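A.B. asks: These protein sequence lines are chains V and S, in that order. Per my numbering: the first sequence = residues 919 to 1701. Per my numbering: the second sequence = residues 46 to 314.
To be clear, the hints were calculated from the coordinates, so they are not data collected in a lab. Some hints could be false.
With a straight-line Cα cutoff of 30 angstroms, these simulated DSSO-like cross-link-like pairs (lysine-lysine) come out [as the list claims (entries may be wrong)]:
1. K47(S) / K232(S)
2. K1479(V) / K1445(V)
3. K1532(V) / K232(S)
4. K1479(V) / K1532(V)
5. K1445(V) / K1161(V)
6. K1627(V) / K232(S)
All values derive from a computational prediction rather than experimental measurement.
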Amino acid sequence: MNEAAFRKDGAWVGASVPRREDPRLLAGRGRFVDDITLPGMLHAQFVRSTEAHAEIRSVDLAEVRAVPGVVAAFDAADLDLRDITALLDRPAAEFVPTAMPVLARDRVRYVGEPVAIVVARDPYAAEDGLEAAVVEYAPLEPVVSDTAALAPGAPLVHAEAAANTLVDVSMFATEGIEETFAEAHTVVRVQTRTGRQNALPLETRGVVADWDDRDEQLRVQTCSQVPHQVRTVLARCVGLDEKRVRVTVPDMGGGFGQKCVVGREEIAAAAAALRLRRPVKWIEDRRDALTASFLAREQRYDVRAAFSADGEILGIDADVVCDMGAYSCYPFTAGIEPLMASAEMPSVYTVPAYRVRARAVTTNKAPTAPYRGVSRPQYVMVVERLFEKAARALGLDAVELRRRNLITTFPYTGVNAVTYDPGSYLESLDLCEATLREEGWFDRRAEPGRVVGIGFACFSERTGYGSGAFAQRRMAVVPGFDLSQITMDLDGTVAVTTGTLSHGQSHETTMAQIVADRLGLPYERVKIVQGDTDRITYGWGSFASRSITIGGSAVAAASVKLGERLREIAAHLLGTDLDSTALDGDGGVRAGDRRLSYAELADVAYLRSHLLPKGLDPGLSATASFDVDGDGTFSNATHGVVVELDPGTGGVRILRYVCVEDCGVAIHPQVVEGQARGGIAQGIAGALFEQVTYDEAGQPQAPSFMEYKVPTAAEIPDVRIEHLETPCAFTESGAKGAGEGGTIGAPAAVLNAVNDALRHTGTELDDTPIPRESIFRALEVGR
Amino acid sequence: MKPAAFSYHRAHSVAGAVGLLTELGEDAKVIAGGQSLVAMMNFRLARPEHLIDITHVDGLSGIRRDGAALHLGALVTHRAVERADLGPEFRVLSEAMAWVGHLPIRTRGTVGGSIAHSDATAEWCLLAVLLDARIVAEGPAGRREIAAGEFFLGPYTTALEPDELIVEIVFPRPAPRAALTEYADRKGDFAIVAAAVDLDAPGGPRVVLGGVAPTPVSVAPRTGAGSRSPGEIVAAAVEVRDEPGISAHYRRGLVRTLVDRAWAEAAAR
């Protein structure tokens, strides 16, 4: 039986088997960072800047050290750590590198910036210590919006970044685009601003670090999506060899991108542990998580689209400004959002002409990190609004207008030089609309006396960016490949490493399913090893929906390689040739009517290696890697939303949500649906609820869940999910990524639905989160 | 978000609690459900040196009818009121509890605690003013009753003396035609505007608003001849504030909507 046959007939891939993680998580027996207690462990908290922009005149920690229970306090000078600097491989006109010190030195650039670390015998004493710190600031004028940042003569957040601009790229400008717009029948324009958000993992950031004298190693257990990158940065910051640093990741309660960058606090806490030779724990509290963690999403778009009289899109002309906050994050830099928006904005449509300028500006607000979707929730919202506006201007149905412009022949190479692999763009739109129609929502929309609207969003998302795609973005640190090692033990069970790691995505289950099919083992007999820099050669962690596409493919390739090795040994022992052997799908190798179980083969490989074929190494392990060749694979979906507005309050109620998604072969459909539901909730949050706000002085105004309005179960509707399956041709299991789609489609669909409900008022609302007062006022006029 | 150090005291009787309050003075705070105080302590916005836990005091958890009146012990939880069958006379209290935070908050939070906290949008503060409740407090000099209309002095400020403990809230008269409703973007949030209506209040229908002023605002709209709705009349009569994100115009509109809705609900009874 060859590999292809397993793929087709696999019993495991495609089945929603019980999650391997559930027994411990549901019983409260998981191990998260805050569950870790080490003997003699100390607790850290950070003295944080109270100023948005200021020079630090002095830091006096003498009183802090005198507080009962405080063991130590360090400022930047005390720890003397190397700065963290993220780089792009781009010329100075396009990218300005800026250093992020681990603890602020000389200058603070946002309220909440860590200035000193206080280490105490318990978290209470640590907070007592914070109150005793005396930091003298000389305030500077703060820059608190992207428009203020770009204003002539604005104060500079980083002296080296003129006009407060860290990234300024104009990646595409189709020749003749001016004429296209000048001659077009209809030109529509969207000007929008999306609110600053917090990715808000349920588990805040945290770390436990200690120095181990026996291993001469700094052991860091941290809540990160990218342990190897944390190791590299930490080793450089403190001046240790990489092998003297071991980063492991226990269970994680979400990351969503906020934890796919290296945090200053995890470095500082580990450096303090190294200095003190005692275990140090830092757990980010919710106030710090809301105000001083990595934030996301705040962008401004000014985009025009040209259409012909019969509704053919002729071009997109875009200007994008991303408010990245005070620092460039490692390893992605402040370029992550403008580069994503630039590269992918033409979306799922056949756009013949495209021009874009995208900038990242720096402001005196907490820095940003990638957040689930990265620019795609915004540009999809913009493009979908453009189609709605064009449909109105042209007197066409907006769904019909989309149909006329969707990419339907694949592979399709767009004006953005990206090649899209096959998807179900048109089919998902048709099914989504038909579902809402069958359920009677278009009738409800027409009922007099009710303010009901229906909105759609079509999109695709590139998942599993390989090194080629990241190199195209010209990152200096180029993620992409994944590397897997599989080892079979004496009893015939296997352990497989993956350089990706689950922060809630069930890799222990889904990766095991992939291996189980390849080796004919029950998935319980497959152990997934993840999140450990000592046990995994190198990994890029989990982000950008890369785990199943790239990590899963590496795991599959390693499994196949091990299978070949098992057959090689079996052929030798059975005295036959390799081609006459096959894995039997039940934990053994067959040759004709003879069979050797994996345990029997392992017995030879380890305990009677003199019986192995000449030249074959003892033991049973195999290593394989995978990288995406070319532009990668695109998942796609259409979201359809029905909302009802309350004219008396401006309130919004989501009556129905339908998601028709296509992520190729779903390894575990229930996990895919969970990803979609959670993502949609975060997308709705962005469209209707969440916003990190600052006052004119740069003071954060949403330090608790009272002000930062994360929606609850009461606000999030049940979602009907329909699956289409266009298998990916080049991932090992046919899977495409499924981690981000929900978040990408929801803001556009919700915004379109609200605007559809307002269709009789003459008001259009394009900013998010949508203020209820704006809805109230729109409907008041129409009363 | 860890509180500053404090000393914990457990009271076993009202007299014991009052004794501790007298002894420890203004540095002491009473704690029951802790749903407001503990959050403020975690932010170190409140830093009491002493906490007096009254949850072990007997006799403060009763819900009792005495003739026309309803007596709620200070330790009665929102959830207990939500689940109690108070009859048509006081169903407004049970129904209003659905607006109080979320289930865990309602399960721990107490009527007395909410009244003592005096948040201008708290359901209990509105209901107390609406229904002429009397707040029964015990201090070193004994018990006294304070009319709800004179109890709430400002945000987080009441007529309670530092050495007094709320022991009971008395709702003196049935309110079969009363209702409370509110609006917030998110379920369980403090209301942007809350409106409570009692059509049978002495002297004519009464409206009490939360979210428009530092304390609950009571209005007796003169309805009748004109074509304006009660909500329109009340909205025109009250002063509302302008703040970033919520203009006076919007808040006034919410007053109009919510008063009309509460009014209609009460009238349908």
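A.B. asks: Against this structure, judge whether each hint is valid.
C.D. replies: Against the structure, the hints:
no. : hint                : verdict
1   : K47(S) / K232(S)    : holds, 27 angstroms
2   : K1479(V) / K1445(V) : holds, 17 angstroms
3   : K1532(V) / K232(S)  : violated, 71 angstroms
4   : K1479(V) / K1532(V) : holds, 19 angstroms
5   : K1445(V) / K1161(V) : holds, 25 angstroms
6   : K1627(V) / K232(S)  : holds, 10 angstroms
Hint 3 from the earlier list is the only one contradicted by this structure; the remaining hints agree with it.
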